[in-house]
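Asks: Residue numbers (this note's numbering): 143 to 367.
Hints are computed from structural coordinates only; laboratory data are not their basis.
Treat the hints with care, as some may be off.
Computed spacing ranges between beta-carbons, pair by pair [to be verified]:
{"id": "1", "residue 1": "349", "residue 2": "214", "range": "32 to 38 Å"}
{"id": "2", "residue 1": "355", "residue 2": "162", "range": "24 to 30 Å"}
{"id": "3", "residue 1": "282", "residue 2": "359", "range": "29 to 35 Å"}
{"id": "4", "residue 1": "282", "residue 2": "248", "range": "26 to 32 Å"}
{"id": "5", "residue 1": "307", "residue 2": "214", "range": "29 to 35 Å"}
{"id": "6", "residue 1": "323", "residue 2": "356", "range": "38 to 44 Å"}
Positions of the beta carbon are idealized from the N, C-alpha and C atoms, including for glycine.
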Amino acid sequence: MSTPPRPRAPMRRAAGFTLIELLVAIAILAVVALLSWRGLDQIVRGRNIITHSMAEERVFAQMFDQMRIDTRQAASDDEAGAPAIAIDGGALQIVRVFAVPPGAPPRLQVVRYRVTNGQVVRYASPPLATVGALRRAQRGGETGAWNALPMMQGVGSISARLYVPKVGWTSDMGDVRAQLDANNNGVKVPQIGNAPVPRAVTGLEVSVGARALARPVTRVFLVGE
């Protein structure tokens, strides 16, 4: 009597993933990685833009704050022997009182703001003690004795207007000199209470245009205030 054959055991499926399942998983991971990279890239770009904007704002603030100090410390027209604030040769020139220790004789200083190679540079003369030195500094160029301080880069233009009483805002130095002559001619001798001669320029408006700006930034300063 023969033994009946044993039934075959069912074949077990090999453990693992099929090729199609692997391809689908890789595609999903690629999409997730791409979306994550784009999101991270936008975050980094946004942070860089904010950081750059904040740095530019600090530079603007420092430059305009220095202009405000120079304008506030502007000498009188009598002390300068000419308009204390002038626009000449593409530069803004301010004759200011130089801070000296108590008891020391007064000194004046000529300051110029000029755009050089796309950068605003503040040129400052050494302290001036004589009228001759002041005249040479007002009419001459920036020599090696002057201090040059770079203020802001990427500047396309810088313009200024002066506020002259009875004239208004102007960029014409002829209006300033006419006002100065009128002030000097209007002085009566003796003056009541030794009142100083009025300033020919009482306000300063500065506009700075830069490549990174949609429009120029403008600030207004009071002279001697």
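Asks: Look at each hint and say if it fits the structure.
Replies: Checked hints:
no.	hint	in the structure
1	349 <-> 214: 32 to 38 Å	19 Å, violated
2	355 <-> 162: 24 to 30 Å	56 Å, violated
3	282 <-> 359: 29 to 35 Å	31 Å, holds
4	282 <-> 248: 26 to 32 Å	21 Å, violated
5	307 <-> 214: 29 to 35 Å	19 Å, violated
6	323 <-> 356: 38 to 44 Å	41 Å, holds
Checked against the numbered hints listed earlier, the structure breaks hints 1, 2, 4 and 5; every other hint is satisfied.
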